[in-house]
Structures are given as C-alpha cells and as structure tokens.
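Undergrad: Here's the letter readout for the chains.
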Amino acid sequence: MNFSLFLLAVFDGIAYAALVFMVALGLTLIFGVLRILNVAHGSLYAIGAYVTASVGAAIFAAGFAPFLAFPLMLIAAALIGVVLGGPIEYLLLRRIYHRPEVLQLLVTFAVFMILEDVQRQIWGTQPYFEATALQLLGNVQVLGVYYTVYQLIFLPLVALTVLIGLRLFLRRALAGKLIMAVTEDREAAQAIGINADRVFFLTFVVGAALAALGGALASPTTSVLPGIGADMIVLSFAVVATAGLGQIEGAAVAALLIGLGRSFAVYLMPELQVLVPYLIMLSVLLIRPEGLFGRPGARKI
Amino acid sequence: MRRQLLMAAALALLPATAIAQDKPDSLNIGIATFLTGPASVFGVPARDAAEIIVERINDEGGLDGVPISLTYIDEGAGGESMMAEYRRLAEDQGVEIFFAAVSSGSCGAIAPVAEDLEVLNILWDCGTQRIFEENDYKYVYRTQANATPEMLGALLYLLKTTPDFSTIAVVNQDYAWGRDSWDIFSTALKAMKPDVEVVGEFFPAFGAPDFSTEISRLQALRPDVILSTSWGGDLDTFVRQAAQRGLMNSTTFLLPLGESSLERLGSALPQGVLIGARGDHYFMHPERRDDPEFQEFVETFHERTGAYPIYPAFHMYQAFEAFLAAHSKAIEAGGGEWPSKDQLVEAMEGLTFQGLGRELTIREDNQAIEAQLFGTTVMTDEHPFAVLENMMIFDGEDMTTPVGEESIEWVGSLTPDYVDQVDVATYDR
Amino acid sequence: MLARYVIPALLILIVPLLPFLAPWLKVVLIIALAKGIAVLGVTTLLRAGQVSFGHALFFAIAAYASAFLARSAVGGEFFVMLLLGTFAAGLSGLLVGLFVVRYRGIFFGMLNLAFSMIFWSILEKFYYLTGGADGIHVRRPTVLGISLARAEFETFLFYFAFLLALLLGWVALRFLNSPIGHLFQTVKTNETRLQYLGISPRRTLLVGYVFSAGLCGVGGVLLATVQGIVTPDYAWWIRSGEMVFIAVLGGAGSVAGAFVGALAYELVRTYAAAFAADIWQMVLGAFLLVIILFAPGGMIGIYDTLMRRLFRNGGSARDRDAESEAAYRPAVEGKKP
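Residue numbers (this note's numbering), protein chains in the order written: chain A, 109 to 409; chain B, 50 to 478; chain C, 1409 to 1745.
What the hints contain is simulated information worked out from the structure, not anything from laboratory work. It is possible that part of the hints are untrue.
[Said to hold, decoys possible] Some chain C residues judged to face chain B by a derived CB distance under 10 Å, without partners named: (1) Arg-1479; (2) Gly-1539; (3) His-1545; (4) Arg-1547; (5) Ala-1557; (6) Leu-1631; (7) Thr-1639; (8) Arg-1677; (9) Ala-1680.
[Unchecked claim] The calculated label-pair distances, taken between Cβ atoms and stated as ranges, are: (10) B:Glu-100 to A:Leu-187: 30 to 40 Å; (11) B:Ala-356 to A:Gln-243: 20 to 30 Å; (12) C:Phe-1683 to B:Thr-401: 31 to 41 Å; (13) B:His-432 to A:Gln-243: 16 to 26 Å; (14) C:Phe-1683 to B:Gln-403: 34 to 44 Å; (15) A:Ser-391 to C:Arg-1547: 30 to 40 Å.
Please read these numbers as outputs of a predicted model, since none were measured by experiment. For each residue, glycine too, the CB sits at the ideal point set by N, CA and C.
Given the sequences, and given the hints that come with them, work out the whole structure.
TA: Written out as structure tokens, the structure reads:
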C-alpha cells in the first residue's frame, strides 16, 4: 500500500465516519440521559431518509430551487423528532422508566418492529433515491480520484459542527445544563426543582431528531429502502459501545476508528470489511468494558 | 393461548379442497415471493403481475370454468415462517400447486419439502444452477433459465460488443447469487479469453448502503470492465455513486440484472452500459412488442403500478403460462378429464410454452431453456430513463449446461471460438 | 389450589395430541419446542440477573456444528449431531463465558452481542466454508442408523423434542434448586455475600453460563434438523432479541414460561404471517408492547393472577407483577454509576 492509497483510505474512512457518527450521537445522547438503549433509533433514521427523499423528489419535480434540499433535511429531522420522538417518549417510555432495563429495551424493540411495517405501508418497497443535494455540491479530484464534495467535505463539516454545537449547548445553554444535571444525578436534580420529565422529553426529541437528521443526510448518498434501519442500528450500537455509553466526544472518536478500520479493510482485505466494526468493539470492550471513554460503574456493595 | 390452539385445531379439521380428477370449485395456488425486505423490489412487481394474470383468467370464466385464487407466502418473513406457511397451505389447505420462490436460499429449502409433500412446485424466479445439478426432483420444475446461461450470455455480449479489454473487476453482493455468478463468469472468462486479468474482487455485504470506498479503490485500479450482478437498492446505489464520481465515463459497466433498475435509475444511468435481464425480458422486447397479448400486459401493468414490468413480472407470467400449458396438455392426455396432480406433473416434463419472450422448453432434468436478451443503454426522447439499443438475443439451448454435467466444470471446458457458436439475433433498437 | 396444576397438566397432555389434529402444526410445534429449550437457557441466566443479547451465538454454533457433521464423511446421525452440537455450544459457552462472567448488567449483554455479531459476520463472509448468507443444507439425519421419510422423521422429532423439553425443564428446575443453583441465583440478589462465603461469583456464574449455552445448543440442533437448513440468521441480533422477547413474553425467570412463551410466539407469528403477511412485524410488536405495559409478569404472570383471583388465595396481582419484575431488577442496579 503506497502513500496515496493510504490517503485515499483515510478520506473514505472520514466520510463514512461522519455519517455513522451522526446516527450514533442521538443514540448515545438518549442513553446518557434516559439510560435507555433505543432500538427504534434505526427506524427514526430510516424514516428521516424516507421523508427527505420522497418530499425532496416531489418538490424538485414541482420546480422548486435545488438548494432547498439542505433546509429540507433540517425541517424533516425536526419534524420527525417532534411528531414521532415526542409520542414515543410521552406515551411509552415515560411509563417504563421505573421498569427493568430489559423491558425498556424490549419496548423500543417493539416500536422498531411496528415502525418497520409502518414505513412499508407508507413508502412501499421500491427504493427511493434523491441526490439533489449531492449533485449541487459537485465533485473534487484528489490524487486522481473523484470524490463528492458532499461526502468528503460537507458531511464531516456537519458532523463537526453538530459535535461542537451540542457540546456548547450542554455546557452553556440553560436547557443543556439541566440535561447535564439530570444525567449526573437524577434524584438530586429533582430535589432542587428540575423537572426531570421535561428534560427526558426534550432529550428524546433531540435524540430522535438527530437520528432522523442522520437519515436525511445519508439519503442523497444511498438508496432508501426497507431494512436500512436494522443495519444502521447495529453499527451505531457498536460505535456507542466502543466509545462508552453516553460519551459524546467518545462517539466521534469511535466512529472515526470504525470508519477508518472499515475503509482500510476494503483496501487491504475486503473480506474483513463487515467484521471490522465488531472486532474493534469486542477488543475495546474486553480491555475496557465501560468503553474507551466510559466511566467504570461503581460496584454495588 | 389455549384459544389459539383450539383455533388451530379447528382450522385443521376443515376439509381439504380439490380431490384429484373431480373438477374443484376453485383452484388455489400458493405463491412464495418477497413482500417485505430488500428483495421486495422483485417480489412485489411479480405479485402485481400475478394479480393481473389471474384477474384476466377469472374474467374469462376461470380455468375451464374453475376460478383461480392466490395465497401469498412472504419470503421476507424468514425461513421458519415461510416454511410453516408453505406446509400449512399444502397439508392443511390442500394446495397442490406452488410457485416458489425468488431467493436461491428459499428454493433450496422448499424443493426437498415439495418433493416429500408431493406438490407441484414451480421455481419461478430463483437462479441457482445447483438445484437440478445436485438433486433429482419429480415435483419441482423451473420455468426460466438459471445462473449459467444468464452469466454466459452476459460474457458473450461483452465479448461481442467490447472485444478489446484486458482488465476486469467485480462488485457483487455477498451471498450465494453474487458468489456463484462470479464463479461461473470468471471460469468462463478464463476459458474463453485467458489473457484477461482480474484486478479486483469486491463482495460488499448484501444491502450495503454505501460503496464509496469500493469506488475510490476502483478509480485507483482503473479496470477496463466492471461487472456487477447486484440488483435492487444495492445496484441503484452502486450505479448512482459510480456515475456521480465519474467512474462510469472511463470504464465499461456490465450489469446482467440492470433491466430491473432501468426505470428507477432514470437519467442517473449513463449511455453505453451493458444490460441484461435474466432471460429475454424487456418491456420493449424486439420480437414480441407488437403482439397484442404483450402490449395488453405491459399497458395493464403500467396502468396498475405506474411502472413498466421488469423481469420478475415476466418470470411470473412464464410460470403461469407453463402451468396453463401443462394443464391443457394433461387434459388432452386424459381425454378431457380434469387432471390429477400427478397427471399435471407428468405434463410438465418436456413441456413447451411461451410467456412474453421467446418459446421455452422444459428439459428432462426439469430445467427450462430460456433465451437471453442483452442491450446497451441509450437515452431517447420517448422515456425519461435509458432504453436498450444494439440488443442481442442469445439462444438458450447452447448456453445451458448439458443434462448431467456440472456448470463450473462445463463452462471451464469452453473454448474461445464458443463466442461464434451460439445462435444470436441482433436488433438495433 | 389443585386447579392451578390441572390446567398445566392438561396442556402437557394435549400438546402430544396436536399433531393428530393438524399435521402441518407439527413443524410449528417442533420449532416452538426448539426455541423454548433455547429460551430456557436465557431464562436461567435471568435468574442470576443477567440478560444476554447474544445467546443466538450458541444456538448458531450448535446448528452449524451439526450441519458440518451431517455434511462430513461421518454422515448425519441425529443423536450424534445432537450430542456434538450441544458439546460445541457448551465448549464455546465455556470459552466465551471465561471472558463475559467478569461483567454484569448492560456490559454483560453487550459483550455477548459483540461475540454473536462476530460469529455472524464470519458465517456471512466465509462463503466457501459456511455457504455465506444462504447457509448450509442439512440433510435429514438417520435416527439410530435408520433413515426415515419426512413424515416419520418429523413425528419422531416432535415427540423427542417434547420429551426432551420436559426433561430439560425438569433439569433446569433441579439445577436452580441445587446448592450450586442457589449460589448462582445469589449473583442476582447479593453477589457480595457470595464473596464473604469464600465462593467465586464468577465461577458460579460460569457454571450457569455453560449450562445456558448448552440449552441454546440443543435448541439450535433441533431447529437445524427440522428446518433442513442453517443460515447466519441463526446468529443475528434479532434472533437473540427474539429469545429475550420470548422469555419476557412467557414470564421472565419462569421455566414453564419459556415454553409457553415460545408456543404463543410461534403461533402468533405463523398466523400473523398467514393472515397479515404485510404487517406481521407490526402484529408481533404490538403484542409485545401490550404484554410489557399491561402484564409485565408475562403469560405465566397472567395465569397466576387469574388463578389467584379465581381461588382467592395468595397475594394480589400487583404483588405478583412486582415479584416477577424483580427477576430482572439487579440488572438495573448494576448499571447505576
């Protein structure tokens, strides 16, 4: 492997990592605050992609300006966060916070199963493809290889912006501080008058919107079709576990690690490509069960 | 729970329908197809085709006055559910005729069961050549070609249209079809054009959402030809990503299942891509497009679904035509009596029938001989998507592995002059 | 109180008769029994407060081991396949167990998931060895050297699986009531006490882990032989999820619940696939939601409550729900930082 191939592999890894990070971010945020591993996250990702692709196709066919593809993604994500994420938290999860975590996980698993069929009822089985956003930004040539600006530059920039934005929000904004407080110690936070229910609701809506945004951002690069949610959830699950549950910056590092591992596998040993994310996850968990950046849980005495 | 058991028991006590020889009140056919999952891009158009065909038959008064009804089995529900439902239909509902299935995996599971249950099973879409090469069946027939002629046809078309290439790379889905089709193609290629170098073999996971890394790698490798037997969303994604990044300008793409993606890909699929259709299937089939039967089906299908029929729809049509032809052949042989299941099965052997392509014949090993159509994409004013030009229809007879031989071994024994031995008809547009 | 035992006894008597009433149901029942035995493994671990989201691993290892055996020169003999498959599952349970018994709660679940997903990727990727996504065809094995036709083989398999389920259910109860079984369950209630007693909780957990892996193995071999095919699907996360799903459906921690849950699950799934082919997932998902939200004790919990209401002895339904929920409580405490 020469140096230029090495660089190509790095570029591919970063582009891929950016997308995976966006999805894993919502998952880890929800876990950090609600302590729920949300399997339905994969469905929200898929629905985000479906809404963006189908609405995009409709409005561009009607002659609207192509640049609207970008605001459309944000609108779709926010809408899904509120319209779907809200009721899931309010009607289902709220009833089971005091329940064992297996049950919590199974509730999101059930929601996932239901949403899979809902998607098929709404969007059918034929793949959707809507790449206006990607075409708008064009290509860039690096070392004799064409990359799309969208994947090589835009997605990593968005990922970085979201990462920094979320960090600032959690540290500086009032709502963010409340979220941090509830994450640290729920009882203490409630004791000083923080409405934990509202914080949970807000977090879940934001997390769901991030999943949908991940789907929206992915939609120009891929075919949107049944089953994309199930694949994405395991992958982002591996990222989150590798990083340490609830670790936001950690998720960025783990996504990079997995993205690079995957792209180097394609260059060196294509057969190992599928194996890489899980191998990374396993080796990290065996050495540090709480993940790369997780804090070890105190043992109950 | 107990109620469910009772319900199950009650259902089980319902009398079975058709008793052989007596004309039944209705004829139920079980169809296994993908209603869910990624392969529903094939399964659902095929179901739509089945509905159109059966509606037409029933509107005309049914099959000799017997109305046909269909029961679907979802392959996407997973092996256990599919087999349970198959057996429920066969053992409880008395269904004796099945069209199953799309995926090679499903066919491999169903064929031995159908044989044991003694029900007529038409393999209407699955492509694995192994089924009749590794086993003998009495009740299982295939009404279309298999992977061997499909891949040989692709190779012949490539050799005829692009004779001067020296490197090739492959990007196939990682499952039996992707692996087997490459095995056949590469073995035949080595036998017929030994100087070609294979520079890259990629088998991304089935349903992979992103091929960016493979495309970067391919751009660095610069092969003359890229083969992909992928289909559905995988193929769409791969083609769009490759086209977007300019890979398709410098390289000849050979997509043996491309026909099923033409309309979906729209203008994203550039000119000059070599396309196949797993048989001679095309909504503008050069030899059939003027037939009223052909036109009526294509129009009804388009009206009903908003899309032109793709090869699974044609395969479904063929399965029905085979069944209908066997039925009338059996009636003739039985002196006008409604045929029993075994008479029907007997009639399948050596059957000649025609769907919406060329005529097909079922060989003694239960494998049908089907012609193969290939073409090159071109943009026209008529459609917002690429259509085919420079079409070639290869005769199936010379491309199907001889009875009793094993495909890989047989294609490995071919010689470079085989290219000119296969009967071919060429059409401009 | 006697009535509480009459209905289960009747059920146990009715099940062997079902194939006479509905021959096609035989296969569904074998699948349900196979899954029930595997779920028994998951249930056993639940008694120690641990939830594994990767037990499909052992299910798949046993299934593939028996498939390889059937394909090899030795040929397929059902009892050899069963023994070898179970042994392979138990052995890999020992190896994986050595790592994972160091962890509790969500980490335990995730490590199991990671192991199973790695095995799944290997099955998918090494096409020439494992048949890739299409798996390996498992020829109908001989039974004690006799080759049976499909119908006879399935009848044999059904009654064998039924007896095996009864036997293994009894063994599981014996295990849980044995001294080591009590220690095993103490991992859930008070692990520290074990250490004060000078007993290694890890080793105790390992014993139970190997036992549960072996049970999953038995289920895997049964499913592989009745299906006639093994696919990587056997190791996928959704299958592990399905096992936990069934355990909760039946009544987490309950031995009988494993089988009741598996039967209910298979029947609902079969009928949903038959009569609502487009939305069978939705039906199952809704079924699961209703159980979790309104009957956390699972089907066994519902049954107990019903019996108590009918005969007015014992605690209220609420107590029972709280009781059955306690089955997984420690997992929650384990994750608290």
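Undergrad: Checking hints one by one. Is Leu-1631 (chain C) an interface residue toward chain B, by the C-beta closer than 10 Å rule?
TA: Holds - the Cβ of Leu-1631 (chain C) comes within 10 Å of chain B, reaching about 8 Å at its closest.
Undergrad: Given the hint of 31 to 41 Å, is the C-beta distance from Phe-1683 (chain C) to Thr-401 (chain B) inside that range or not?
TA: holds (39 Å)
Undergrad: Holds or violated: the hint that Arg-1479 (chain C) contacts chain B, with Cβ atoms closer than 10 Å.
TA: violated (12 Å)
Undergrad: Has the hinted range 20 to 30 Å been met by the Cβ atoms of Ala-356 (chain B) and Gln-243 (chain A)?
TA: At 23 Å between Cβs, range holds.
Undergrad: Per the CB criterion, is Gly-1539 (chain C) less than 10 Å away from chain B?
TA: holds (7 Å)
Undergrad: Per the CB criterion, is Ala-1557 (chain C) less than 10 Å away from chain B?
TA: holds (7 Å)
Undergrad: For the restraint on Arg-1677 (chain C), tell me whether the closest CB of chain B is nearer than 10 Å.
TA: OK, holds: Arg-1677 (chain C) within 10 Å of chain B, min 6 Å.
Undergrad: Does the Cβ distance between His-432 (chain B) and Gln-243 (chain A) fall inside 16 to 26 Å?
TA: holds (21 Å)
Undergrad: Can the hint on Ala-1680 (chain C) be confirmed by a CB-to-CB distance to chain B that is less than 10 Å?
TA: For Ala-1680 (chain C), the interface hint holds, since the closest Cβ of chain B sits about 9 Å away, which is under 10 Å.
Undergrad: Has the hinted range 30 to 40 Å been met by the Cβ atoms of Glu-100 (chain B) and Leu-187 (chain A)?
TA: holds (35 Å)
Undergrad: Please check whether Ser-391 (chain A) and Arg-1547 (chain C) have a Cβ separation lying inside 30 to 40 Å.
TA: Roughly 38 Å apart at Cβ, these two residues keep to the hinted range, so it holds.
Undergrad: Does Thr-1639 (chain C) pass the interface hint, meaning its C-beta sits closer than 10 Å to a C-beta of chain B?
TA: holds (7 Å)
Hint compliance for this structure: hint 1 is the single one not met.
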